[in-house]
Structures are given as C-alpha cells and as structure tokens.
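Based on the sequences and whatever the hints tell you, model everything.
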Amino acid sequence: MTCSTRGAAEPLLRIEALRTEFPTNAGPVRAVDGLDLTIGSGEILGLVGESGCGKTVTALSVLGLVDRPGRVTGGAIRFGETDLLALPPARMAAIRGERIAMIFQQPRGSLNPVMRIGSQIAEQFIRRRALGRAEAWARAVALLRAVGIPAPESGARAYPHEISGGQAQRVMIAIALALEPQLLIADEPTTALDVTVQAQVLALLRERCRTLGTALMLVTHDLGVVAQLADRVTVMYAGHAVETAPVASLFARPMHPYTQGLLAAIPRPGENRERLAEIPGSVALATQTGCRFAARCAERTRLHLDRCENEMPPLVPRPDGGMVRCWAAQS
Amino acid sequence: MTDETLLEIDGLSAHYAIRSGVFARPSAFVRAVDGVSLRIRRGETLGLVGESGCGKTTLGRTILALRPPTAGSVRFAGQSVFDLKPPALKRLRRDMQIVFQDPYAALDPRRTVGRAVRVPLDVHGIGRPKDRPAMVAALFREVGLEPTLMHRFPHEFSGGQRQRVVIARAIATRPKLLVCDEPVSALDVSIQAQILNLLKDLQAGLRLTTLFISHNLAVVEHMADRVAVMYYGRIVEIADRTTLYRNPRHPYTRALFASIPFPDPRHRRTDPPPPGEPPDPAHLPSGCRFRNRCPLAMDRCARKEPPLASLAPNHDVACWAA
Amino acid sequence: MSFTTAEPSLLALPAAAAGSRRATLHALLHNRTAWIGGGVLLLIIFAAAFAPWIVPYDPYRVDPIVRLQPPSLAHLFGTDALGRDIFSRIVYGTRLFLLICAIAASIAASIGVTLGLLAGSGPAWLDMLIMRLIDVLLAFPYILLVLAVIAILGPSLWTAMVAVGIAGIPGYARLVRAEVLSVRSLEYVEAMRAAGAGVWRIRLGTILPNVVSPLIVYGTFATPLAVLAAAALSFLGLGAQPPAAEWGAMLVNARTLMFTAWWTVAAPGMAIFVAILSLNLLGNALRDVLDPRSR
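Chains as they are written, first to last, in our numbering: chain A, 1 to 331; chain X, 1001 to 1322; chain D, 2001 to 2295.
Mixed in with the good hints, there may be bad ones.
Okay, the calculated bits of chain D under chain X, using three or more residues with CB under 8 Å as the criterion [what the hints assert, rightly or not]:
id	region
1	2190-2198
2	2203-2210
As a list, the in silico EDC-like pairs of lysine to aspartate or glutamate whose alpha-carbon atoms are at most 20 Å apart [stated by the list, open to error]:
id	chain 1	residue 1	chain 2	residue 2
3	X	K1200	X	E1044
4	X	K1200	A	E274
5	X	K1090	D	E2187
Note that these hints are calculated values from the structure, not bench results. Ideal Cβ positions, reconstructed from N, Cα and C, are used throughout, including at glycine.
Structure representation (structure tokens):
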C-alpha cells in the first residue's frame, strides 16, 4: 500500500502559519500558534498530539467552527484555490458539508435525537441536491448499507437513541460522506468506542474514503490508530507542527525528540520493559519565544543547545520525506 | 510474589435491577458481575481486562465493599469482607484502597489536595494529629509532588498531577491491596508513562498486591503478572502474562488482540475486524454470552454456558471450543 | 522518581474554580449587580441596626393633628392616618423585614436542607418517606398551607414567620436532594467511603459543602417570596398586628387612601419593592459568579 501517488501535485488543503487565540483573564492563549500543514487529494493524514496541543482547534478552525470568544487571528487556509479564512460566512456555510465535512467524538451528541437516522441522511440530499423525498430516502438507505448498518430499509427508520454508539458513528460517517466531500475531518472518531467496535469503524472509514477518493484528516491522540490508517502523519505540540512525515518513516525514524518520546512511552504488546520511557514535566504555559518543548527535551540537554529556548526552529526537510522543526535534529 | 493468597473471590455476583413504571418495579436485571471466582496472591499484580460494560469496574468496587453483592463471597486475608460489622469493615479499609480513573472527579473540588490526602490518616487515627501534615508532605514527595503544593485546590493541577494526589491518598494508610481502576485511561500518553512507572515503583517499594483494571491490553500487559479477561460479568480467560499474549485461546481474547491498533505501520491488519455489536447488558444471549459474535459458535454454546476450566497449568478458559 | 513541574498546567486554568473562596469573593466584588443589590441590602441592615438614632420621630407616636400630611421637610414621607411619621415607620420596618427574612429562611433552610440531605444520601425507604411528605406539603396551595399553620398557631407576626418558613421547606428539600443525588455518585464521595469515612462525616464534610452554592442562590430568590407571603398575611390581617411597623401591614392599612393620600401607599410599597429587588439582584450576581465556575 503505497501512498506516493496520492497527494502528489497540488495539495487539497494547505494550512499556512495558522494562529487561533482564546482570550482569557491571563491574556490571550494561542491554541494554534503558527501551524503549517498540508493534505493531498485522497490522502489520509493523521494529526496527532496530546490534549491541549491544539489539534481539535485546528480542525474547527478549518471549518470556521471555533467557538466565540476564540477566533482565528492569523495565517491562511487554502482549500484548492480559495482561502477559507477570507470567505464570507454564507460561502463558508456552503462549503461545510458539501466539500469539507466533519465527524466528532461523541456520535450521539451530533445526531438530532428527534429525527430518524434515515431522515438525517436524506436531509442532505433534499437540501443540497434538490432531490425528492423518495429518491433521497432511497439514497439514504443505500448509504446505510454501505456503512454496514444491518437491514438498512428498516434500520433507517430508527431514532438515534435506539442504536448503539458504534452504529451511531457509522451513521455520522454516512451523513458526512453523503455529498461526497473532498475532505473529511474526523476528530477522535473512535475514542469513545470500545476497542472491538473501534476496529470496525476505522476499517469502515478507510474503506469509504478510499472508495470515494475523499481525503481524511484524522485527529487523534492514539498513535496506534495513526499507524494503522494514515498515509502521512503530522505531530503537534503546543500549537505547532513539530514533525511531519510519511507514516512508515515517522515510526521507523522519528526525528523530533517529542515524537521519539511519544513512541517510546507507549507500552507495546509483546515487549517486556521494566519501565516506560518518560517525558518529564508536562505541557507548560506558552511564554517563551523559542521551542515549546525545550524545557522537557532530553536532546537539548544532551547536546547542550542554548538556542532552543530563544529561537523557534523552522520547519526543515527530513532525509526520508516530510519536515521537522528542531535544532537538535538538524545538528 | 508469595504463594499466600491475599484475596479470594468466590462466585461473586452483583446484579442491578432496571426499574421502570410508576412503582419502580424491576423490569430487567443487569448481571454486571455474574459468578466470578479469582485468587490474588500476595505481592502479585493481577490485570483485569475488558471493554466498557463488562463489569470490571463493578467488580473492583464490590471487592472493596463499596457496592453490595448479590451472591458469593470475598475473603481478604482469610476474613470474609461482607460479613463484617461496620467497625471491623472500617479497620479493613486501611488495608484495601482504590485509585480511580477520572482524576478530575476523584478529588473533592472544595478541599485542598493536602487535606484530601490527609483524610485517611484522620479517619483511621494514624499518627498524632500534629504529625499528620508532615506525613502528608512525605506522601507528596513519595509520589513526585512538591510538598508546597499541599495548599492548592484540585482545579489548579493537571490531570497527571491530580492522579498523583489520588495515588498519594490511596497509599496513605500503607494498604496491602490496591485496586487501580483505569488509573491512566484519562491521561495523555506521555503522562501515562510517568504514572505507570510511579505505580510500579510504589508496588515494589511498598510490596503492594494490585488489581489492575483497564481496557487497554498493552498497558495491562506492561503492569500485570497474570491477566484475566472479562466479558459481560464473567471471566472468560485467565493466564499469566506471557501465556495470554502468546497463546490466547478464548475467541473474545483473540478478537480483543486483533482489534488493538498496533503502533507499527509495518504490521497493518488486513483481515476484517471481529463482527457484531456488544450485547445489551440486560438481555444477554443464552448459554455462552459471547456466542452471537463468536466465529467458533456451536449448538452447545447456546444451550449451556461454558465454565472456566483449566486448559494448562496457569491457564483457564471458559469456552466449549477450546 | 520522575521530575514534575510545580507550575499549574495550561490545561487546568480555565477549569472550574469551585472551592476557591478568594476567587469567588474577587468576582463578586467586581460584579456591578452585586454592588447594587448588596449595597441596598447593606443600607437596609444599617437602617435596622441604627434605627433609633436615625429616625426623627417615634414611629408609634400618634398625633391626630398632623394626620395625612403629604411629604414635606418635616415629614420626609408624610404622615399616615394616625399622624405617625411614615419615614420613621419605614426605617423601623427594616428590622421586621430582616427578621422575617432571617426566621423564615432559617426554618425553611435548616429543616429543608436536613430533609434533602437525608433523602438524597440515606436509604431508599427514607428517601421515599421524605419525598412523599414533601409531596403532601407541596400539594397544598402555598397560601393555604400558610393559613393552615396560622390557624393552628394563632395570628401574630411570629406565627406568620413560622408559617412562611414551613411553607418554604419543600423548595429547599427538593433542591438539596437533587444536588446530593448528583454529587453522591461522584468518585470523590466514593473515595471517602473507600477511605473508611463514616456516613455523617461524608454527608457533612464532603457532600454538603459541594451543594452549598446552588443553595445560596436559591435562598436569595426564595426569601423574597417569603417576605411577600408575610406581607400578604398582613394584608389578610393574620400577620403583623397593629401597631407594628411592618411594611405589609402599612400597605394594607393604607389601601383605601390610595387616591387621597398616595404617600401612605407609595412608601411601604416602594420599600418592599426595593428590598426584594436588592435580594433578587444579589441572587443574580451570586448565580453568575458561582454557577458557571462550579459546573
């Protein structure tokens, strides 16, 4: 399964120096602080990071769904030819669901509890494609079959509270992909599901995206999920992208100390380690101008680098594809 | 690890009634824990694995007499836990403690963390009252926290730090048994590693016996000596760590393993994941409760529930097909 | 042992500030509604405390010569039908107002909170018993219940306050019970049980402090209701008896004079209005300060 042919040429989504802030009593907090990211057409990108790194805010920023008082304060989000940040709200609303869709962590929270699931899918066709009720319903049933809902003709008449969490997430996927968008953003889509159901839903996501040629931005904290699904991976820390690489390369030869630390900290079945490698400390308040990871970085100490705390390293190319933002990696 | 059995669970069941109607009559029963028997030896760490709704949390709580059992017995160091009168039960609580999953809910938001850790010392009268602040400070240091943080409130801490406070509170009375209920599931990976290492250090230093409950197989394998797999109220397989991971025999255990997203892109799963949906806990299938999702299901499975039988020394499986 | 940082994490800052009394006080002091409501309330308390030194006349002194005088420099709020200075009576009325608030709220809160606590955290049969009792109390129309108590105890200001207090019990009980039910399944309560703490220690030391904030907010809204009920009782002649300088009684005695001597109605009416408004404003401010942070 190679991904070199996908995502070639002009990227579908290009995020440049994105900055999203939230005002607080202690001053504005930059949840996303100069993020660069690209997704190619039909590609699966894993956006990985721990809580607070800004990955969910990034996803919301792309779709213009950041809750007030937070707002995007800088950068550009180029989707094809258009800069999404410069669009008037009406045009952005037209793009949502049609060309870029999103699914969230809690599937039942995203479904309308008083509407049958078939109707919620059919609604997309009725409103956006001006189809008649009957035809829209037929398409909805077909979509439910494609996402693996058993007996979809009768299943479509169910209400969200009558189906399980895994099924609800499948319905969400059906709704999101109904209009065959070019990009699907999935924010922790399987975190709330059991492991066995998670495997099913992830397989479904991959199959659907490949079939429809939809690019997928998979936002998650789970490196295992990323390893199984993604073509490329972007690792985020404290609002920045610190490393981007094709998935095999990232796991085999991680270059950023944070990525290395993350990979070393996961317990793997079959290994027999006494202690897990730790990353000391925790995410600190973003005050310094240099690399945000500097205070916790073992490499910095080992190589006695002083510039890490004062100068933010730029993104530079990695030897086997992708980019990395680290002084230590360059030396 | 010694041969002495510290905790003996026999045929333990904890059922809940789902009540409905004007008079709140029970309409169905959830058999959260349904005839579980386990032995935990002194000094060992037993891992308990299962997905949500399998009853592992209820089991952990019932063992500590925080939930009432419907049947069965739990013996701690030879003493039956459920027969104890309140004063004796209180005495027993010194020896059994619990670390909770959600560090945000496990601490009283209106108490400083120092006072939270002090509670077990006050309740059991450990040390003289004026010595207790120093004891709390020592406990803080033991879990890697600065004692000066004692006077802060829980909301001022991160998840990982709160979990350390919860652990400090749990070890305050120097318990013999520690039940860890998903202690790292709510934490980030990098913090998980810190807390898991801390738990391992404390286990060794305090010679703790641990029941480690989690849905995360990889974490359990890292922490436990023996592992039990639970499915909707019953133990379906139990074996020592290496045996379970090399040679799982129960179809559910195999399905669990097949479902974990393995963090290595070179080993991508190509075969389809296990089918079927988790059942409704109030209406489990007859006979073996896994049979409607099991690739090896036979007629026998619908008629009678397989007992936990010994397949090999240190390896018990509850399956007709094994 | 791993290294830890002592700084609070970025993630923890926006979270709930419940339990931080300093922060609550700070927010309260910066809230304009709190200043208005609290300010008026303080004024009332001040007036009640120093009434004998503030008033120009004896509020009970009858002087038929100056009856029904409109407001003037000599009599700021005018005089009533018996020639008493209305301003002095209003000022003395603050004492009775605060007394009603205190007694009615104390009775309702102490009994209501206890019942709610027991119902929410005790055995199921106790919960059922208490809740059915509350349902019985609630089945009575509020005024009817108050009247029933007065009928038993006889009409006077004190029995009026007791009656209003009793009628307020169900509100507190239900609120506390609901809060207790939601708190008691939280893990920190279970942690106390696991630590071996006794039932009452948990109830008073852990559960109760965590249900206090919605209780305070409710109190500031429920108390005005009690005051209005006491005024209504005076209206019916069942509460404060003459010559008590109670605002509700003053209002009722003056109602026939509404078009001929408007000041006799306006003064007590405005006093009731302003006092209750201040309580409501304070309640609003408290709710804004306490609730979003404690949720």
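X:K1090 paired with D:E2187 [C-alpha distance capped at 20 Å]: Between X:K1090 and D:E2187 the Cα gap is close to 19 Å, so the pair holds against 20 Å.
Given pair status - A:E274, X:K1200, alpha carbons within 20 Å: Within the cut-off at roughly 9 Å; holds.
20 Å Cα cutoff - pair X:K1200, X:E1044: holds, 12 Å
Chain X over the region 2203-2210 of chain D, status - at least 3 residues with CB closer than 8 Å: That given contact holds, which follows from 3 residues of the region 2203-2210 of chain D lying within Cβ reach (below 8 Å) of chain X.
Annotated coverage of the region 2190-2198 of chain D by chain X, confirmed only when three residues or more have a Cβ within 8 Å: holds (count 9)
Violated hints for the displayed structure: none, as all numbered hints are satisfied.
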